[in-house]
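A.B. asks: Given the structure of chain A, go ahead and fit chain B onto it with the hints provided.
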Amino acid sequence: MFILHSRSKSTLVIAEHNNEKLGPITLSAVTAAKKLGNDDISILVAGSNVSKVAEEAAKVANIKRVIIADSDVLKTQLPERVCDLVVASQNQFKFTHILAGATSFGRSLVPRVAAKLSVSPITEVIAVQSEDTFVRPTYAGNAISKIKSKAPVKLLTVRGTAFEQAAATGGSGKGEQAPKADINTDVSEFVGQELSKSDRPDLQSAKIIVSGGRALKSADNFKILYDLADKLGAAVGASRAAVDAGYCPNDMQIGQTGKIVAPELYIAIGISGAIQHVAGMKDSKVIVAINKDKDCPIFQIADFGLVGDLFKVVPELTEAIKK
Amino acid sequence: MRVLVGVKRVIDFAVKVRVKPDKTSVVTDNVPHSMNPFDEIALEEAVKLKEANHAKEIVAFSLGPAKNQEILRTALAKGADKAIHLEVDDATYQKVEPFHVAQAIAKLAKDEKFDLVFLGKQAIDDDANQTGQLVAGFLNWPQATFASKVETEGTSHLKVTREIDGGLETIKVKLPAVLTADLRLNEPRYATLPNIMKAKKKPIDKKTPKDLGLDLTSQTEVLEVSEPPTRKGGEFVEDVPTLVKKLKEKGAL
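Top to bottom, those sequences are chains A and B.
Positions 17 to 339 (our numbering) are the ones given, in order, by the first sequence.
Positions 38 to 290 (our numbering) are the ones given, in order, by the second sequence.
Just chain A, same shape as in the assembly (with noise of 0.2 Å):
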């Protein structure tokens, strides 16, 4: 059924959007897909009135062919939805890679894909060695771990902050429509959706974060990091004690099982540092930490350390960046 050796490399990356707009972890897995060692690379954008999507995965650099479908039933992306169109591809086209973000949604359905192709997946991959060998972290970031992949497709979810956005300009990738999929939407349905609003930079994308722990004791406090925040034009994430306690939605939640981030400049008030809470943002350039006590972990991975009462040190650090 698989013959590796005869066939060329390609690989399909699964574009993440919102109908209008593509994406910037898309970029970072077509930077990824670069990494196998080929140059045959599609992006499958999958949606509801999707053109626009469409004509900007087209211009990422190095894409070869952008594969559209574009439905109604598409329009929320349901993971059943989109694995029965990302096999249909893969039965036309035999790619050698597809790969996907580590996001909520390229979580979701790579495995499900991965499943159906009868495929073990390789997920959270923060490194590309070759065409088959790839490096992940496990333990919360405590042991990377090297792995050879022997199967016949490799499925694969990439760590946004370990590769480098790909250009999203210079390419002329072909559009071709996507082959059919018998898509069943009898056994899902999308109710609504509830999206923190906020006019700071997203998370993961931003170059500095500001993020609160517990110690900031209540969600009115988290405003002395919000004004800070603001004044460094920084996007705001918290520990998983600031979340559970209500300070904060759980979208903002940096760690092991929230987000992983990689800012330029990491500022942690009032974070103890667990292992958890650290494994989402060690590889962060600059680490600064404010606590006031002055044995917490958080000091042991922070560049700098200010120890002190948050409450004094916060508008002051807000006060000394505004001049």
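Because the hints were derived from the structure by calculation, they are not lab data.
Any given hint could turn out to be false.
As the list claims (entries may be wrong) - Derived DSS-like pairs (lysine-lysine); straight-line CA-CA distance at most 27 Å:
#, chain 1, residue 1, chain 2, residue 2
1, A, Lys328, B, Lys282
2, A, Lys162, B, Lys269
3, B, Lys269, A, Lys308
4, B, Lys283, A, Lys301
5, A, Lys247, B, Lys283
Note that this is a predicted model, so its numbers are computed, not measured.
C.D. replies: Just chain B now, with coordinates in the frame of chain A:
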């Protein structure tokens, strides 16, 4: 509704793991283990469904060496009615992939006519976040991953709120279905002593890979496990002006 809950035995979440000097894996001997936190949450939700008379029976499942019986007993003490242990030896278990676990679960779910498979969203050891989605794919059942709220809609559907990158999303899935639990779904209960005693009398059904026709051929090979690069020790700064000055020097501000 009959619910199959998958539980995994993992190194306790509070333990700082150490990589073996020979770089083959992490040290697991004499290290405290416990039930994967996300699986505890899935189990708790299943027990709640039973307490609300939506679920009739809860069966806990675990694949692994003999020691996995400990966590199956814990699952029974927390409210599972019975357990299935798919036993493999240590050496085999080292090579088991989420793919194989999902195949075993899918086979059981089909053979024993479960209506719901409930798993944690990821195991905190391999951090794979695959098994639930794989099970759903093998069975061609709908999936609701990263669930933070589960409600019944009649006897045929579940309404599930999911944690997604930008916030929350609500979907409706038709049973039979696969769910994976996120942290915010519930607060798992502690097993009480009387329940721990009662759990000793509940049955654990032992199975082998052969019983399920399970092929454990590896598709992935771990070449090396290493320590992550350590960050260079930083410095304490006296006050805010010094901090700002240092950050500017570093080009971070």
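A.B. asks: Can you confirm whether the C-alpha distance between A/Lys162 and B/Lys269 stays at or below 27 Å?
C.D. replies: holds, 23 Å
A.B. asks: For a C-alpha distance cap of 27 Å, please report whether B/Lys269 and A/Lys308 respect it.
C.D. replies: holds, 22 Å
A.B. asks: Just to be careful, I want the Cα atoms of B/Lys283 and A/Lys301 compared with a cutoff of 27 Å; is the pair within it?
C.D. replies: holds, 14 Å
A.B. asks: Within a Cα-Cα threshold of 27 Å, do A/Lys247 and B/Lys283 meet the stated pairing?
C.D. replies: Holds: A/Lys247 and B/Lys283 sit about 18 Å apart, inside 27 Å.
A.B. asks: Does B/Lys282 sit within 27 Å of A/Lys328, going by the straight-line distance between their CA atoms?
C.D. replies: holds, 18 Å
Violated hints for the displayed structure: none, as all numbered hints are satisfied.
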